[in-house]
Amino acid sequence: MAVQALDAARLPIHWQKLALPAALIAVAYGLIPAYASSYLVEAILLPFLALSLAAVGLNLLTGYCGQLSLGSSAFMAVGAFAAYNFNLRVEGLPLAATMILAGISAAGIGVVFGLPSLRLRGFYLAVSTLAAQFFVQWALTKFGWFSNDNPSGVISAPHLTVAGFSLDSASGRYLLSVTTVIGLTAVVWRLVNSATGRNFIAVRDNETAARVIGVPVLRTKLLAFAISSFIIGVAGVLWAFTYLRTVEPAGFNLDRSFQILFIIIIGGLASIRGAFLGAAFIVVFPLFLSRLGAFVFGGLFDSGVLDMSQRIVLGALIIIFLIAEPNGLSALFDRLRRRIGSRSS
Amino acid sequence: MIGASLGAAAYERAPEISGILAGAGSVEDTRPALLSAKADAILTLSGIGIAFGGVKALSDVGLEVKSGEIRAVIGPNGAGKSSLINIISGLYHADHGKIAIDGQSFSRVPASHLARLGVARTFQNLALFGGLSVRDNIASGRVHTRRASFVEHIARLPRARREDAAIAEKVDQTIAFLHLEAVADRLVATLPYGLQKRVELARALVAEPKILLLDEPMAGMTATEKAEMAGFVRAARDRHGVTIILIEHDIGVVMGLSDRVAVLDYGRKIADGAPAEVRADPAVIRAYIGTAEAEDGEGI
Ligand SMILES: Nc1ncnc2c1ncn2[C@@H]1O[C@H](COP(=O)(O)OP(=O)(O)O)[C@@H](O)[C@H]1O
Ligand SMILES: [Mg+2]
Chain A
1 MAVQALDAAR
11 LPIHWQKLAL
21 PAALIAVAYG
31 LIPAYASSYL
41 VEAILLPFLA
51 LSLAAVGLNL
61 LTGYCGQLSL
71 GSSAFMAVGA
81 FAAYNFNLRV
91 EGLPLAATMI
101 LAGISAAGIG
111 VVFGLPSLRL
121 RGFYLAVSTL
131 AAQFFVQWAL
141 TKFGWFSNDN
151 PSGVISAPHL
161 TVAGFSLDSA
171 SGRYLLSVTT
181 VIGLTAVVWR
191 LVNSATGRNF
201 IAVRDNETAA
211 RVIGVPVLRT
221 KLLAFAISSF
231 IIGVAGVLWA
241 FTYLRTVEPA
251 GFNLDRSFQI
261 LFIIIIGGLA
271 SIRGAFLGAA
281 FIVVFPLFLS
291 RLGAFVFGGL
301 FDSGVLDMSQ
311 RIVLGALIII
321 FLIAEPNGLS
331 ALFDRLRRRI
341 GSRSS
Chain B
1 MIGASLGAAA
11 YERAPEISGI
21 LAGAGSVEDT
31 RPALLSAKAD
41 AILTLSGIGI
51 AFGGVKALSD
61 VGLEVKSGEI
71 RAVIGPNGAG
81 KSSLINIISG
91 LYHADHGKIA
101 IDGQSFSRVP
111 ASHLARLGVA
121 RTFQNLALFG
131 GLSVRDNIAS
141 GRVHTRRASF
151 VEHIARLPRA
161 RREDAAIAEK
171 VDQTIAFLHL
181 EAVADRLVAT
191 LPYGLQKRVE
201 LARALVAEPK
211 ILLLDEPMAG
221 MTATEKAEMA
231 GFVRAARDRH
241 GVTIILIEHD
251 IGVVMGLSDR
261 VAVLDYGRKI
271 ADGAPAEVRA
281 DPAVIRAYIG
291 TAEAEDGEGI
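Residue numbers (our numbering), protein chains in the order written: chain A, 1 to 345; chain B, 1 to 300.
Simulated from the structure, these hints should not be mistaken for laboratory data.
Treat the hints with caution; some may be incorrect.
Unchecked claim - Simulated DEER-style distance windows between Cβ atoms:
(1) A:26 x B:165: 26 to 36 Å
(2) B:190 x A:127: 28 to 38 Å
(3) A:93 x B:173: 48 to 58 Å
(4) B:168 x A:339: 46 to 56 Å
(5) B:173 x A:312: 40 to 50 Å
(6) A:288 x B:165: 43 to 53 Å
(7) A:315 x B:250: 45 to 55 Å
(8) A:31 x B:190: 31 to 41 Å
(9) A:158 x B:208: 33 to 43 Å
(10) A:317 x B:190: 21 to 31 Å
Said to hold, decoys possible - Covered by chain A, according to a simulated footprint, are these stretches of chain B (three or more residues, beta-carbon under 8 Å):
(11) 86 to 93
(12) 126 to 136
(13) 223 to 230
We treat Cβ as the ideally placed atom computed from N, Cα and C, and that holds for glycine.
Just need the whole structure built from these sequences, with the hints factored in.
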């Protein structure tokens, strides 16, 4: 096989690996705050960032560690409601501490619902994580304490301030969100490129072999659930505090869990970049579809038709991806870049 | 197929470690000849039996392995060879019998402590981590030496970096020893079968085990690859003094390579001794070698 070709390609790719994130950070902190409209921020960037982070978290668990979960939405809810309560009940708690405590709460719940992974795998594990989904939604609705006795369980985002600066404006919320996402993504990037991350992959690829060489399989799985749930929990805080501003338990339903799973399937399993590509796709796709539908069909394309066609196209795309490109948009992206690279050289 | 559910269930049960020192028992004192044989036995199986449903995969099998020898276990397909290795490595739990590893006696070997007991193994069907590079696959063989937590890994704290560096050095040595330099950074799943087998040997060797269990390391290889692999197995013993249990179903492969050969047939040990003895044993010829060659009208 083309060993030499790969070797030759290694250096520039390594360089590009750093150049691309650097460019994206420049865009995130330079271009977007300066030029983005508030519609772009509120309707596209904020949901994109929160979903990207949730997908990064789920990808850690499912893509890297091989543990299929349908509980993401529950862990987002735990994060959101925990942050709301910490903020409400602890006087003067800094926002960063609130978010970290929310993440830790989600991690705790994640570990509890990760325990079945010690016995179950694949489809059966996914079904058992559904328990998290139903339990969390039930508990948040049943016990008024979680929503400070709001009759319909709705919580509203508090004022967001960091070091005396208010972040309640659209651009403030954007900066909070993008900084959180970049920070946690960097942490995950280092994790997956460390010995711990390789333990995740070992457990995913061959649990028996992992065990006999001394990978602590049980601890590794629970750690994956904990870190993944922490990140998804913080994504839930972003979802509730920076994007929607008011949320109810029903907003964190099974549909959202599936949406995050679809993001990592479309974007690419075991790929951090894939989580972002998949989230971008999921957020932009309905907008694109509604514009296209309105353009082609005019008034016939109402919201009901939009919703229906969106589900059909998305379902079809997932099947196509699973069959034709199991490594998702991330792999497509790589192939495209290689083709462009080979043409220009 | 090492039943995953079986493995997972087995994992939960506490290992029974009785810690009997081999050769130190007072019973043997009256039998000096046996004592000396046991004194340098690094692995002893006695009375091992295991059944799957109604199938008796092994019945009353004993095996004694001396430190530093290459001990072959041969037998036709289905004879129980893999079951034996799975029992030694704790993936299967024997219904009867004891396993003494380097002085510690078990009725169930704790698979999760295998590496720390100084035992490494390869699998009959490749059991590599397809999503990792060759180098990372090999490095995973030393995971039992790591102590740093995930926080230390994320923050790249000194202990994590020290461990990474120490392991990288061992990995480089192993890569050089097994001539894997050219493919070290490839994804392991992209390698041809023969090389994957070699990577699996590397992952086991890098752990610097006292006992190495090889389940058909040459199966499915070309003649050249087999000769190469045999060379590596011998070199591993000669240079590092590792004790090797070599499973093969092809008797020819092990003759020149092993010090002693045990023969299994239908879960029973039918012969045990030097290669030449075993080859001449009528029971072996009848049960095993004979099956192939008797059809040509002649035994050995
Ligand atoms: N996990 C298992 N479940 C059921 N039967 C098994 C299992 N492992 C081995 N066996 C049975 O035990 C017998 C010996 O198998 P094995 O140890 O793999 O033989 P060998 O390695 O000598 O070819 C076979 O009849 C096989 O079907
Ligand atoms: Mg076998």
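Results for each hint:
no., hint, verdict
1, A:26 x B:165: 26 to 36 Å, "34 Å, holds"
2, B:190 x A:127: 28 to 38 Å, "34 Å, holds"
3, A:93 x B:173: 48 to 58 Å, "52 Å, holds"
4, B:168 x A:339: 46 to 56 Å, "34 Å, violated"
5, B:173 x A:312: 40 to 50 Å, "57 Å, violated"
6, A:288 x B:165: 43 to 53 Å, "49 Å, holds"
7, A:315 x B:250: 45 to 55 Å, "51 Å, holds"
8, A:31 x B:190: 31 to 41 Å, "39 Å, holds"
9, A:158 x B:208: 33 to 43 Å, "57 Å, violated"
10, A:317 x B:190: 21 to 31 Å, "28 Å, holds"
11, 86 to 93, "holds (count 3)"
12, 126 to 136, "holds (count 7)"
13, 223 to 230, "violated (count 0)"
The earlier numbered hints that this structure contradicts are 4, 5, 9 and 13.
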